[in-house]
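Put the two chains together into one complex, using the hints given.
Given next are the chains, with one letter for each unit.
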Amino acid sequence: MEIDAKGMHFSELDRLVKGNENDIIINNVMGQRYIAAGAKGKRIVINGIPGNALGAYLNDCFIEVNGNGQDALGDTMNAGTIVIHGNCGDTTGYGMRDGKIFIEGYAGYRVGIHMKQYGSHIPKIVVGGSAGAYLGEYQAGGIIVVLGIGSEDRKCLGDFTATGMHGGKIYVRSRFVPEDLPPQVDVHKVTDKSELAPLVREFCTYFPYDADILLSHDYFVLSPSDACIYKTMYCNRSI
Amino acid sequence: MIDYIQPDYEVVRNKDLCIKCKVCVRQCANEVHQYDEKRDVLYADNSKCVNCHRCVTLCPAKALKIVKTDHCFKPSANYTTEIIKDIYRQADTGGVLLSSMGTPKDYPVYWDKMLINASQVTNPSIDPLREPMEIKTFLGRKPETVKYREDGSIEVEKFPNLELKTPIMFSAMSYGSISKNAHLSLARAAEQLGIFYNTGEGGLHEDLYKYSLNTIVQVASGRFGVHEDYLNAGQAIEIKIGQGAKPGIGGHLPGKKIGPEVSRTRMIPMGTDAISPAPHHDIYSIEDLRQLVFSLKEATNYKKPIIVKIAAVHNIAAIASGIARSGADIIAIDGIRGGTGAAPSRIRDNVGMPIELALAAVDTRLRDEGIRNNVGLVVAGSIRSSADVVKAIALGADAVYIGTPALLALGCHLCRSCHAGKCNWGIATQNPELVRRLNPDIGYKRLVNLVNAWSHEIMEMMGGMGINSIEALRGNRLMLRGIGLSEKELEILGIKHAGE
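For the protein sequence lines, the chains are L and W, in the order given. Read in order, the letters of the first sequence correspond to residues 21 to 259 in this note's numbering. Read in order, the letters of the second sequence correspond to residues 12 to 511 in this note's numbering.
Just chain W, same shape as in the assembly (with noise of 0.2 Å):
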């Protein structure tokens, strides 16, 4: 059969450079560059390439590139090389399309198109450096009313709450969709930065009890993993009903990835494919929902918060309000530009909306009923900087999920193979030999690096707002203005256009 796809990407060697060492050979795991001894020659097959920059990066000679390729369809707005090419991958497999990590679509990114404020004259700034400045977030249902006792003192209902050092947590990801190193790497992190890790639908290997301080367990329609230890070692519980990168679509890993260590931690034989389907069947309807919750509550004795997570999609704020009078204490969103380690293209690229649209929606329709205060509220969805994240909280959330800068930031090169097991960086493979490669000793200083700029960087914005509590930032929505927005979109944003 003829194969009418053309390497999207060409490896460029610069031959007056390379040494032959073939380091290049050895690191990569797509088996792209190829050595002939006969001929002491070293040539790529470019077909396979995914363009992760493993050998540029490590080629000791710097001789390596990756350039795309200027090999062309003729050019039509309309049908794409993209949408020709996946035409001939379907006709050739008859297969539904599959991709990883966040849409690479053009949808519009509404961080971008908002403006924060800061203090000039007539209301001071501060300086983070040396004045205090508190970024500690509480996540979970607040008390509505404070009682004052007859002596004065006051009573107040408590409901269990995670405390975070600043309002950024790791995305639920799996043990089997990514490495363990990678997993002990986000662990130790989240315990060094007084946050938490998210275990995702995999269940807890063995080794990462000891950061049960630091760790959300989730339990998603598989029950993949979920036991008394894992519930307990959970410092909060959370329900994934969805994620924004595949609204309405389960997970399923398949059986290839399931070797000894994915097996005794999702607690299923060998080689099995794990299949955790987009519905739960015994959710069909809020009442179900709170069943779950409260079921939850009673194993673990009303001690964890419970999180649902859901994907933004289109009623979303209708949705939200019936979770949060679901007796769910904390509600996470997750918006389509959302990362994934496999999901069908075609819905990872068109379903759903954006988390800022999302958030804005929900934040006021839980104010608008009054019950903003019985959630927590927190967004992912390519939260990429601080400056997202000043944007989320004046938006009204309480925190957020990073994933894919979490994963960037171990070194992940963004080239969306994740569904191939076969990840060069150590990161999203369970093959031993890759895995070796993610240094979990480097790894988690990388993210306490990341997330400690990210936290400053936040408190230095606060500062410019002359704000220094993350509590009067939150919906705080006058500290935004829009640029180049229009009146619905500013509407539903619920912000100003910026010179108004």
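Excised from the complex, chain L in its bound form (with noise of 0.2 Å):
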């Protein structure tokens, strides 16, 4: 099914993406906000720039962006994959518990904040640029890779990375030792690509880039040690 958002209202847009049919491309999207939240079972094609909260809540779809994402998509994600041709806003992939988001270019502020994981239910961001401040912000588990590619000269991450992380993994494509990190987060030169490969195979098939040459460059990654930064923030009173 096609479907023209051109001047749509986002609540006309999301009945019509909600119906039956479960192969969808819509057209001239413009900012529409919320489109597939909450659904299960589609293969949609956006054409056009989605407005906030894309694929909040989503479960098993697929859907590929040609175009820009915006702020908190793939928010509390459970399953399902989504492509951005483009880069893409803050907070995405906020409390993402499962599922696979892949941007072809930078992300902003916040990316994968409070991403979980638990037992076999492991959340990905695969982020081709550069990504924003706060990246894995409060990150509890699942992996975020940063591809860091344009910016092979410089630092790929922002300020504040993994502030707060207590799980998941963090790679990063790069020459530079990621600095500056929270005291509980340890850093290491990887030598293991195993969990990193099908990742950025993945994201190849995606987007115009040759893995082997990717997967040939440095990655460090950031996982926190178990030095619990809370574990002696407190002290018990029974008053």
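FYI, nobody ran anything at the bench for these hints, they're computed from the structure. One or more hints might be untrue.
To be verified - Between beta-carbon pairs, the in silico distance windows are: (1) Gly139(L) / Glu168(W): 41 to 49 Å; (2) Asp206(L) / Gln45(W): 42 to 50 Å; (3) Arg63(L) / Leu224(W): 32 to 40 Å; (4) Ser140(L) / Thr68(W): 39 to 47 Å; (5) Ala329(W) / Phe196(L): 40 to 48 Å; (6) Asn442(W) / Asp179(L): 39 to 47 Å; (7) Asp206(L) / Gly105(W): 23 to 31 Å; (8) Asp206(L) / Glu168(W): 51 to 59 Å; (9) Lys60(L) / Tyr99(W): 55 to 63 Å.
Backbone N, C-alpha and C fix where the C-beta goes; we use that ideal spot for every residue, glycine too.
Structure below.
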């Protein structure tokens, strides 16, 4: 089904998307929010610029955006895949607990904030370009990969990366060792790329890059150490 | 290192009555009671006692009592015992002081400074035992206008509302902060009472999905356990922004409380900290709040009312006005005396404001702006009796949330040690041995009793005022008079003084 979203209100668009058809192309999208929020079992191609909260609470859908993503994309997403042929806004993948988000270009602030994993549910975000400040804030699980394409000669992580991180991993393709990390976060040079490789290869199936070349470069991985910053913070009082 | 802190309470054992059965030893998870086999003596380590009365209550010989110690510092109205001990504690540990349940500080309880009206001679009171009395409450946005069709029938725009048999609901308490048996008791009681309980921000245990028709699910900044089935299980979705006991502070369930079942429900690995910070980093404005409200509405097809829960803080009226314009259906406001499973002591005891003032300010503001019917208004933060409920509704609330009274009904003795996780009454603990002590078959009946008793009292008070429908009491501030209040307090509460 093809939908012409020109001038359409988000609630009408949402009703059409959630109708019976599972294969949907939406043209002329111009800022409509909440596309596919809570949807499942759909394959959606978006031509244009979707508004905030695309794919919030998403279940097993495949969404491809030929344009930029805005804020809160994939908020509290449960499953499925979102592919952005462009850049992406703030809080992408907020509280995401499974599924994958692939962004060709750069991503805004607080990407992957509150990401969580449980058992076999491991959410993944791959950012082709650089990422803004507070990447992986409060990250409790899942994998974030920042490939830094186009930022090879400079740092591709913003300030305050991994603030409050207490689970999961952040991989970054860079020649520069990530600096100014919070005390509870360890950084190591990646020697075993077995976890990383499938994500980079999948990224390269959507975007015109060579996985072998990308994987031949240096990566660093950020993960929380055992030093829990919260354990010693409180003092019980019984009154 | 010298321990400067002496016990607050003393266990007094009547040796003439004690039969040395050692129930106290077995019952105390704090390990206060010890038995010395060699000397055949039971003794108590007072320093561990939290004054929860478990041993006293279960002692078959009634040989125990707990008393406040008379050991004291030199009395000072300024440097009180509590202040001195807190300084010692912080000098010992360098830690942020942590407490639980509502603040014990003596801030004015305005409920106790308002009196309710009754009919005499000039208008009849109503006997609720023999005459119909309506306390059913619809919670949510109300239609602004009623249109008549050409055939005379009525056309009303309907919004999703919660239907309560009585204007009382159980406050949000997460699975993790309280036990599964406590949650189960609340859920079953809510079902029987035709009201709602609230999951809090810890997800919903799989065994509790069957109570879905009486469940409000909460979505907080950490998004714990939020997925499709969870959102669909709730009859309403509550976005938690703040809590009266800790405005501006989020939740933090320590990893040691995250065992297999809490882990599964919260959908995080065992033993990891569950952090739900105060800021929702996707909400920096009313417009952003609107975005979260509508994303939840979109995801649940506009079938469920969205509640936004906030703590009562200084600009509460303006904040509530913003929320009422955000598309939220219900605003829940929690006052400074509200309970908590753990909060930094200084915040619990010093941040926020009493719910009575916040409620009056919000209801007045929403009325003045003509948007009161956009939202339902629920208040929380120490609603201790049916009289408090009546006063809250007369001040303008649609319904109330009760937390502490519900826990008291389940056996809580307000020892305010929830944060230690060793609740001897099986409520605020995840230790299976302790959780077993709370029998949900009994617990839910006690909750049902409590709310039924309150409902009857509400009807009695309404009847006394000559009011037979809770709708006629709502915002009816003429039914209240202040007692011993200043001009300013009366002005904010929007009531006259007794005698006026």
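Structure-based check of all given hints:
1. With their beta carbons about 44 Å apart, Gly139(L) and Glu168(W) fall inside the hinted range of 41 to 49 Å.
2. Taking 42 to 50 Å as the suggested C-beta distance range, the pair Asp206(L) and Gln45(W) conforms, at roughly 44 Å.
3. For the hinted restraint 32 to 40 Å between Arg63(L) and Leu224(W), the CB-CB distance of approximately 34 Å keeps it satisfied.
4. In this structure the supplied range 39 to 47 Å holds for Ser140(L) paired with Thr68(W), their Cβ-Cβ distance being about 46 Å.
5. Judged by the Cβ atoms, the range 40 to 48 Å given for Ala329(W) and Phe196(L) holds: they are separated by roughly 46 Å.
6. Remark: the range hint 39 to 47 Å for Asn442(W) to Asp179(L) is upheld by a beta-carbon distance near 42 Å.
7. Asp206(L) and Gly105(W) have their C-beta atoms about 24 Å apart, which keeps the hinted 23 to 31 Å range intact.
8. Evaluation of the 51 to 59 Å hint for Asp206(L) and Glu168(W) yields a pass: the beta carbon distance comes to about 56 Å.
9. About 57 Å separates the C-beta atoms of Lys60(L) and Tyr99(W), a value consistent with the hinted range of 55 to 63 Å.
Checked against the numbered hints given earlier, this structure breaks none of them.
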